[in-house]
Amino acid sequence: GDSVTQMEGPVTLSEEAFLTINCTYTATGYPSLFWYVQYPGEGLQLLLKATKADDKGSNKGFEATYRKETTSFHLEKGSVQVSDSAVYFCALSAVGAQKLVFGQGTRLTINP
Amino acid sequence: KAGVTQTPRYLIKTRGQQVTLSCSPISGHRSVSWYQQTPGQGLQFLFEYFSETQRNKGNFPGRFSGRQFSNSRSEMNVSTLELGDSALYLCASSLAGTGNYGYTFGSGTRLTVV
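Here the protein sequences come in this chain order: Y and C.
With my numbering applied, the first sequence corresponds to residues 22 to 133, in that order.
With my numbering applied, the second sequence corresponds to residues 2 to 115, in that order.
These aren't lab readings, by the way, just hints derived from the structure by calculation.
Take these hints with a grain of salt, some might be off.
[To be verified] Restraint ranges, calculated between C-beta atoms of paired labels, are given here:
#, chain 1, residue 1, chain 2, residue 2, range
1, Y, Gln66, C, Ser71, 24 to 34 Å
2, Y, Leu34, C, Gln19, 42 to 52 Å
3, Y, Arg128, C, Tyr11, 19 to 29 Å
4, Y, Gln125, C, Arg64, 18 to 28 Å
5, Y, Gln66, C, Gln42, 19 to 29 Å
6, C, Thr8, Y, Ala38, 35 to 45 Å
7, Y, Thr41, C, Thr39, 25 to 35 Å
8, C, Phe70, Y, Gly82, 33 to 43 Å
9, C, Thr39, Y, Gly82, 26 to 36 Å
10, C, Gln42, Y, Thr49, 19 to 29 Å
11, Y, Gly117, C, Val115, 32 to 42 Å
[Said to hold, decoys possible] To be clear about the criterion: a stretch of chain Y counts as covered by chain C if any three or more of its residues have a C-beta under 8 Å from a C-beta of chain C, and this derived list gives those stretches:
#, segment
12, 51 to 63
13, 66 to 75
14, 114 to 122
[As the list claims (entries may be wrong)] Here are some chain C residues the structure puts well away from chain Y; computed CB gaps all over 10 Å:
#, residue
15, Ile13
16, Arg64
17, Asn78
Ideal placement from N, C-alpha and C gives every residue a C-beta, glycine not left out.
Could you build all of it, start to finish, from the sequences and the hints given here?
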């Protein structure tokens with residue numbers, strides 16, 4: 022079945038460091054891909070998405086490119102801030118599936 | 002426009018009781034889906050409704066049920082609560098429930114079963 026694998030956390034970085042959170046997926050066809058972020062005590066917020074191969078999603082300095090050849094959707098940010106500390110989830114929605122399949126989440130902590 | 006509203010935010014129930022959670026989607030959105038989030042299992046899909054019809058269901062026991070009303074508001078019900086049902090329950094609203102439209106989540110209902 023469809024699945025998403027994220028790099029294990031927790032990830033701890035210093036402010037202004039470069040961030041990469043790896044995400045790979047297994048699905049038939051061309052699923053839509055998402056990154057969601059969850060702050061403590063809150064629900065999920067959509068960070069960015071891509072719906073077809075080679076699309077680049079971007080928001081708030083975060084970027085991810087839909088790579089069909091490597092079935093990946095890695096999240097990157099050039100310079101992280103303390104306020105980026107949260108749990109990040111990679112997810113896919115397969116064609117016609119009417120649901121999201123999530124990775125296990127990666128907890129990110131940014132130290133000043 | 003208003004976001005996705007879930008009520009209540011917090012619930013404490015006793016084993017064996019039943020509980021009903023509510024979700025009001027974004028105006029104009031016809032798809033509502035529900036997810037359970039636990040530290041051990043992560044985020045798992047419960048079910049999805051579109052125009053009052055359940056289109057997809059996850060691998061949960063029959064104690065978990067849901068419905069959707071004509072105004073697209075949705076409820077989920079858990080009967081005969083077990084300790085393992087303690088979780089954050091998240092509702093997601095979508096225009097049509099397909100990936101290209103995206104999903105907007107509510108803040109969730111934190112259910113604690115004692």
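Against the structure, the hints:
Distance hint for Y:Gln66 and C:Ser71: a CB-CB separation of about 29 Å, consistent with the stated range 24 to 34 Å. In this structure, Y:Leu34 and C:Gln19 meet the distance hint of 42 to 52 Å, their C-beta atoms being roughly 45 Å apart. In this structure, Y:Arg128 and C:Tyr11 meet the distance hint of 19 to 29 Å, their C-beta atoms being roughly 23 Å apart. Distance hint check: the CB atoms of Y:Gln125 and C:Arg64 are about 25 Å apart, consistent with the given range 18 to 28 Å.
Separation of Y:Gln66 from C:Gln42 is about 21 Å and conforms to the stated range, judged on CB atoms against 19 to 29 Å. Checked against the hint of 35 to 45 Å, the pair C:Thr8 and Y:Ala38 passes, with Cβ atoms roughly 40 Å apart. Between Y:Thr41 and C:Thr39 the Cβ separation comes to about 27 Å, which falls inside the hinted range of 25 to 35 Å. In this structure, C:Phe70 and Y:Gly82 meet the distance hint of 33 to 43 Å, their C-beta atoms being roughly 40 Å apart.
C:Thr39 and Y:Gly82 have their C-beta atoms about 31 Å apart, which keeps the hinted 26 to 36 Å range intact. In this structure the supplied range 19 to 29 Å holds for C:Gln42 paired with Y:Thr49, their Cβ-Cβ distance being about 24 Å. With their beta carbons about 40 Å apart, Y:Gly117 and C:Val115 fall inside the hinted range of 32 to 42 Å. Coverage of the segment 51 to 63 of chain Y by chain C holds. Counting CB-CB distances below 8 Å, 5 residues qualify, and the rule asks for three or more.
With 4 residues bearing a CB less than 8 Å from a CB of chain C, the segment 66 to 75 of chain Y meets the requirement of three and the coverage assertion stands. For the segment 114 to 122 of chain Y, the assignment as covered by chain C holds, since 9 residues bring a beta-carbon within under 8 Å of that chain's beta-carbons and 3 suffice. The Cβ of C:Ile13 sits about 16 Å from the closest Cβ of chain Y, beyond the 10 Å cut-off, so the non-interface label holds. Non-interface status of C:Arg64 relative to chain Y is upheld: no Cβ of that chain comes within 10 Å, the nearest being about 20 Å off.
Look at C:Asn78: its CB is around 19 Å from the nearest CB on chain Y, clear of 10 Å, so calling it non-interface holds up.
Taken one by one, the earlier hints all hold for this structure without exception.
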